[in-house]
Amino acid sequence: MLSDVAWADHLEVRYGNHPVWSDANFRIRRGEFVAIIGPNGAGKTTLFRVLLGLIRPSGGRVEVLGGPPRRGNPRIGYVPQSHEVDKDTTVEAEQLVRLGFSGNRWVPNVTPRQFRAEREAAETALRSVGATELARKALGEMSGGELQRIFLAEALAGQPEILLLDEPLSSLDLRRATEFVALVHSLVRSREVATLLVSHDINPLIHHLDKVVYLANGRVATGPPREVLTSERLTELYGAPVEVLRDSRGNLVIVGGEDSHQDEAA
Amino acid sequence: MTGLGWVWWGWNVFGDLRTMLQYEFIRNAFAAGTVIAVLGGVVSYLVVLRRSSFASHAIGHIGFSGAAGAVLFSVNPLYGLLLFTTVSGGGMALLGERASHRDVEIGTVLAFTLGLGLLFLSFYRGYATEAYSILFGEIVGISSAQVVFTWETAIPVLAVLAFVYRPLLFASLDPEVAEAKGMPTLALGVVFMLALAVAISVAVTIIGVLLIFALTVTPAAIAIRLAKRPLHAILISVAVAVLATWAGIFIAFYEVEPVSFFIVTIIFATYLVVRLVPSGSRLASRLRSSTTE
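Those sequence lines, one after another, are chains A and B. FYI, our numbering numbers position 215 of the first sequence as 215, with every residue one higher than the one before it. FYI, our numbering numbers position 113 of the second sequence as 113, with every residue one higher than the one before it.
It is possible that part of the hints are untrue.
Here are the simulated DSS-like pairs of lysine-lysine, each with C-alpha atoms no more than 25 angstroms apart in a straight line [said to hold, decoys possible]:
#	chain 1	residue 1	chain 2	residue 2
1	A	K87	B	K228
2	B	K228	A	K137
3	A	K137	A	K87
Keep in mind that the hints were calculated from the coordinates and are not lab data. Just so we're clear, the structure is a prediction, and the values are computed from it rather than from any experiment.
Based on the provided sequences and hints, a complete structural model is requested.
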């Protein structure tokens, strides 16, 4: 389909002889906000590595931006899991964002026009994540929440059509996580960038999502949150009784399954 | 090895400089020292950014064995240095990830090669002077041919670094994202380590193996406290290395102490100043805020 930025058809990934998950089917459309949810070790990061062309799937078909996944696709922006910078580094934030724009280009900047293009791309990206005032701050002095916004700006500086965010919420408290998700949601809408966000907790995301990819027990369930996050679907996915409870504000508690302990936190 | 101490200090610095430059060995010292300091200044920024200072230290010492071996076979010690440093540097880079995190492996190889260096020296009768100049540097004894060789080695390395500058910066600052963006991070690591190896080899002629930190780590350690932009930090790092080298050669013309001592001391003093001044002002502001509470 033309509006699909990525799709998978009976996709399967193995590490050696051990299948991580199989029979994954999903379609991600342009400008969609998708959460990849599941317990630790379910293979959420593995899915990203497939889309980035860093792992070859063992079965099924997958396409990203109209072709097979390939390493170094400049149309994908990526923020890795537990991403950090050296705490001693005095390099200012804007410099990292600039590398998100031009770090993969070999020929050094020479003309003023090249320098200006790089600076403007970085400034625009910083502005879009509300981090203009952080441009001159040293990366080593930043809080977890500030760093996440800078990494987001770095990923956005390359004008991606797909954004892959691996556990960006894990270093944030609930309030910061909620703010960050709202920021990502507004970027998804304003830039029409399809965004896949890995999280082990659905609750900060629940009101913003278009789609959920739920990985558990070597299997994958995909669809709108309302359809996927039900007692029936998750019981089927885990192959064990699972109950999805909803509080008055719409927060979910998933009881049973392997990850019941994780979703209680929020 | 040792300074000259031929001339008394005078007030006429420029006149003295003119006198100084009439000597060929002083001209050679400035010519070689300048390009070596420029390369050292540039490379040291990457060493600090990639946290490879232990690797830098180790490569220098491994180079000592190469130089000692070369002396034994009556070859220019610089060739022995280049051979040992590039092989060990390239090897460290190929170990993968960041070589600086391979302290145990590097240290193990380092101890063995230093033993090898000792063996080479024991075979060589006149070793004392040679070993001394490899360990502590001897910029005033450098020949015109060595100056030319130094330039011919350093300039291509600087050109390569300029070409890979941005991807290398990206791979150093944010390796995971750089890799996902298709940057050859392992190959860039090898390029960096080879550049470091060459920088160390030529720097040994000025300040020697034991003092190598002063030209391949400290200039950037000073610079990153003064500048937050890589390009500015590199320029400061180069300026520190070059000015310290010039000043060291200049002072050594008057004093009998070794040139390397002056260079190292100037760089260390600068480091102390940039370390102490900002933390002093921070302490002052903390004291102020605690009294107002």
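Hint by hint, here is what the structure shows:
Under the criterion of a C-alpha separation no larger than 25 angstroms, the hint pairing K87/A with K228/B is consistent with the structure, at around 14 angstroms. With a C-alpha separation of about 8 angstroms, the suggested pair K228/B and K137/A falls inside the 25 angstroms cut-off, and the hint holds. Restraint check: the Cα-Cα separation between K137/A and K87/A comes to about 13 angstroms, which is no more than 25 angstroms; the hinted pair holds.
Checked against the numbered hints given earlier, this structure breaks none of them.
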